[in-house]
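Single-letter residue listing:
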Amino acid sequence: MSSRERILGRVRRALADVPGDDTPYEQAVPRGYLREHGERSTEETVELLAENLADYRALVHRTDAGGLAGTVAALLHRRGATSVVVPPGLDESWLAETDVRRVVDRAEQTPGELDRVDSVVTACAVAVAETGTIVLDGSPDQGRRRITLIPDHHICVVRVPGQVVSSVPQALERLDPVRPLTWISGPSATSDIELDRVEGVHGPRTLEVVLVTGLPSGTDGS
Amino acid sequence: MSGTFIGMPAFPQAARASVHDATLRGNLRHATHTIRGKREQAVAEVADWAELREAGKRIKDHVLRHLDRYLVQLEESVTAAGGVVHWAADAEEANRIVARLVKETGEREVVKVKSMATQEIGLNEALQAEGIRAYETDLAELIVQLGRDRPSHILVPAIHRNRGEIRDIFTREMGEWGRPAPEGLTDSPAELAEAARLHLREKFLRAKVGISGANFMVAETGTLVVVESEGNGRMCLTLPETLISVVGIEKTVPSWRDLEVFLQTLPRSSTAERMNPYTSMWTGTRDEDGPRAFHLVLLDNGRTDTLADEVGRQALRCIRCSACLNVCPVYERAGGHAYGSVYPGPIGAILSPQLRGTRSEIDASLPYASSLCGACYEVCPVAIDIPEVLVHLRERVVEGGPVIREGNKVVLRPAKGHAAERAAMRAARWALTRPGALRTAQRLASRTRRLRPRTLPGPGRAWSGTRDLPPVPPEPFRDWWQRTRGGKDEAK
Ligand code: SF4
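The listed protein sequences correspond, in order, to chains S and Y.
The UniProt record's numbering puts the first residue of the first sequence at 1, with every later residue one more than the last.
The UniProt record's numbering puts the first residue of the second sequence at 1, with every later residue one more than the last.
Rather than coming from a laboratory, the hints here were simulated on the basis of the structure.
Quick reminder that beta carbons are idealized off the backbone N, C-alpha and C, glycines included.
Certain hints may be false.
Said to hold, decoys possible - Short, incomplete list of chain Y residues facing chain S, as computed with Cβ under 10 Å:
1. 36
2. 40
3. 65
4. 185
5. 189
6. 238
7. 274
8. 275
9. 304
10. 388
As the list claims (entries may be wrong) - Straight-line alpha carbon distances no greater than 20 Å define the calculated SDA-like cross-link-like pairs of lysine to any residue that follow:
11. 57/Y - 377/Y
12. 208/Y - 288/Y
13. 208/Y - 101/Y
14. 208/Y - 9/S
15. 57/Y - 112/S
16. 409/Y - 9/S
Build the full structure now, drawing on both the sequences and the hints.
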């Protein structure tokens with residue numbers, strides 16, 4: 001007997017007390033919880049996102065479609081970045097005002113190559129106001145998961161208000177489980193050395209989120 | 001279950017050793033109390049906590065009651081998405097499967113993100129016996145591993161090492177394992193963390209095989225979810241060519257939508273965060289993004305035996321948030337090691353004896369490691385009635401009776417000479433009759449509060465995360481109470 005059969009057999013014997021007409025899933029789970037917490041206008045939801053991002057130590061910037069390229073250029077400059085990874089489907093105009101060397105996200109790239117790049121600029125799939133979370137889904141304007149993991153500086157552009165939802169349930173509704181998803185809520189931190197807080201052992205130690213108005217919220221190229 | 005600490009003394013003896021360690025006790029108390037307060041805030045932020053808790057309980061109950069069907073569905077979904085599913089009836093089989101899969105890649109080293117399941121089965125030791133080096137990548141685990149040490153505590157695994165020692169360990173050992181520590185490394189935590197970042201990064205960048213657990217598996221879609229803080233999880237899940245995930249069968253949830261419940265309750269219960277820093281979700285393999293091969297090892301190892309117990313099976317609802325540890329007066333005094341298992345605290349007291357049986361002295365004494373105060377039930381985000389299960393297991397220890405072990409019905413004999421009850425008396429005595437010691441520990445935590453961190457390493461890394469914590473109150477609750485009689489003598 002294979003272990004598969006053995007385990008499934010044990011499960012079935014263990015559940016001998018469960019009647020054949022046990023309550024079906026749809027009725028077994030009460031969904032009385034809220035779809036979102038509190039009532040907010042669209043502006044208030046964006047405001048809450050900004051607050052919660054900052055609360056988790058992301059650096060939040062605001063601009064409009066016309067100012068985006070300038071903002072991105074300024075952030076890269078301030079960081080002293082000499083190279084930046086760019087997902088293949090990122091709107092070129094976002095980087096129009098910087099001459100920092102572009103490194104395009106490619107399948108052949110080794111992690112070692114990415115480790116020598118200073119920054120990364122991406123879009124996102126959705127942002128969750130209540131939790132201060134941005135979610136990446138690997139669309140062409142977000143790239144492979146590793147490009148937002150290895151460089152030490154991540155600039156993430158959120159189109160507001162279109163890409164902002166209030167809550168976790170609303171975010172899941174918008175996401176496609178088939179895509180690889182990364183939920184990011186601020187840079188990481190550790191307190192493993194004498195309980196002293198140190199920010200970001202792995203992953204980008206600096207997360208900058210640019211909230212940009214006046215851009216259509218569809219994900220480019222997907 | 002091979003995760004038993006060999007020669008582990010039964011709970012009361014082990015606990016007595018821990019309660020005499022003042023440093024450990026002070027740290028533990030501080031840790032549990034600060035996280036407890038912050039958790040209350042995080043929970044109070046959501047008005048529908050009771051409904052989320054009820055939904056979480058019902059989702060898990062439903063999945064457990066139809067686990068055969070959902071496991072088959074999960075297997076189909078994962079396979080359809082490009083993954084390979086393996087079934088492991090016990091620890092030994094799981095270890096054998098993982099060792100074989102690693103060897104088939106031709107590699108001799110793996111990077112690991114700490115998981116309770118792989119600790120439970122003793123995977124690192126099993127791999128070592130096969131000549132495979134497993135690198136733990138949580139910072140605390142790295143300190144422990146480089147120091148050729150055992151974790152001193154599940155909540156703060158490297159707390160027994162001060163910064164000077166860590167510097168010495170890094171300087172001496174890092175070169176043996178990979179990238180050496182930088183010249184002139186000082187003992188500042190930021191520099192030490194940077195050294196660890198660089199040392200581990202070299203391992204991540206060259207790693208060909210990653211090993212993980214998972215917090216959730218969605219039957220409907222075949223999606224796996226890993227919730228973490230440091231980012232080492234993302235490294236292990238994304239950079240290697242082969243990913244092997246070892247996951248207990250009870251981690252299954254029916255549908256994608258169910259995540260909306262647990263992604264709200266888990267971070268708030270666990271690290272008192274609205275959301276933990278990083279959550280990864282993946283479904284099989286993805287062309288040109290992440291591992292090309294994905295293996296899921298579904299682990300039984302006593303879970304189906306637990307499932308066979310109609311009262312005890314609720315323990316399988318556990319989402320490993322650790323909230324019950326932080327409120328438990330017994331855990332706070334005894335420390336994680338006293339439980340003799342990778343699962344400490346109230347959940348360990350009901351899970352370990354069920355996964356492993358109550359034949360060993362430690363497992364027979366575990367159901368007594370509680371004052372039945374019920375605080376664990378109150379905070380549990382899936383409403384596991386831990387006291388109910390404890391009482392049920394005590395009856396089983398004292399009176400014996402039929403249970404399922406490795407799928408077979410066996411009849412337990414009553415505990416001889418009521419050894420367990422004697423153990424219980426001892427356990428209760430130290431935990432509940434030392435108000436003086438309790439007071440001292442509270443004061444200690446208060447006096448040293450300036451030395452305390454604003455953050456806390458989450459319980460047991462896999463149960464873990466970091467965020468700001470509120471300061472310890474300047475005056476312990478107990479002193480305040482004695483001084484004011486609960487505020488009656490003091491305007492609020
Ligand atoms: S039993 Fe404890 S660790 Fe498990 S879900 Fe409940 S509170 Fe969390």
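Evaluated hints:
1. A least Cβ separation of about 16 Å between residue 36/Y and chain S goes past the 10 Å threshold, and the interface hint is therefore violated.
2. For the restraint placing residue 40/Y at the interface with chain S, the shortest Cβ-Cβ distance is roughly 17 Å, beyond the 10 Å limit, so the hint is violated.
3. Below 10 Å, beta-carbon pairs count as interface contacts, and residue 65/Y has one with chain S at about 5 Å; its hint therefore holds.
4. A least Cβ separation of about 12 Å between residue 185/Y and chain S goes past the 10 Å threshold, and the interface hint is therefore violated.
5. Taking 10 Å as the C-beta cut-off, the interface hint given for residue 189/Y holds, the closest approach to chain S being about 4 Å.
6. Among the interface hints, the one on residue 238/Y holds; its C-beta lies about 5 Å from the nearest C-beta in chain S, closer than the 10 Å criterion.
7. The beta carbon of residue 274/Y comes within 4 Å of a beta carbon in chain S, closer than 10 Å, and the hint placing it at the interface holds.
8. Because the beta carbon of residue 275/Y sits about 4 Å from the nearest beta carbon in chain S, less than 10 Å, this interface hint is met.
9. For the restraint placing residue 304/Y at the interface with chain S, the shortest Cβ-Cβ distance is roughly 4 Å, inside the 10 Å limit, so the hint holds.
10. Below 10 Å, beta-carbon pairs count as interface contacts, and residue 388/Y has none with chain S, the closest being about 17 Å; its hint is therefore violated.
11. Distance restraint check for residue 57/Y and residue 377/Y: the Cα-Cα separation of roughly 12 Å lies within the 20 Å cut-off, and the hinted pair is therefore satisfied.
12. Using a Cα cut-off of 20 Å, the hinted pair residue 208/Y and residue 288/Y holds, with the two alpha carbons roughly 15 Å apart.
13. Restraint check for residue 208/Y and residue 101/Y: satisfied, since their Cα atoms lie roughly 12 Å apart, inside the 20 Å limit.
14. Distance hint between residue 208/Y and residue 9/S is unfulfilled; the C-alpha atoms sit about 36 Å from each other, more than 20 Å.
15. Straight-line distance between C-alpha atoms of residue 57/Y and residue 112/S comes to about 44 Å, which puts the hinted pair past the 20 Å bound.
16. At roughly 14 Å between alpha-carbon atoms, residue 409/Y and residue 9/S fall within 20 Å of each other, so this suggested pair holds.
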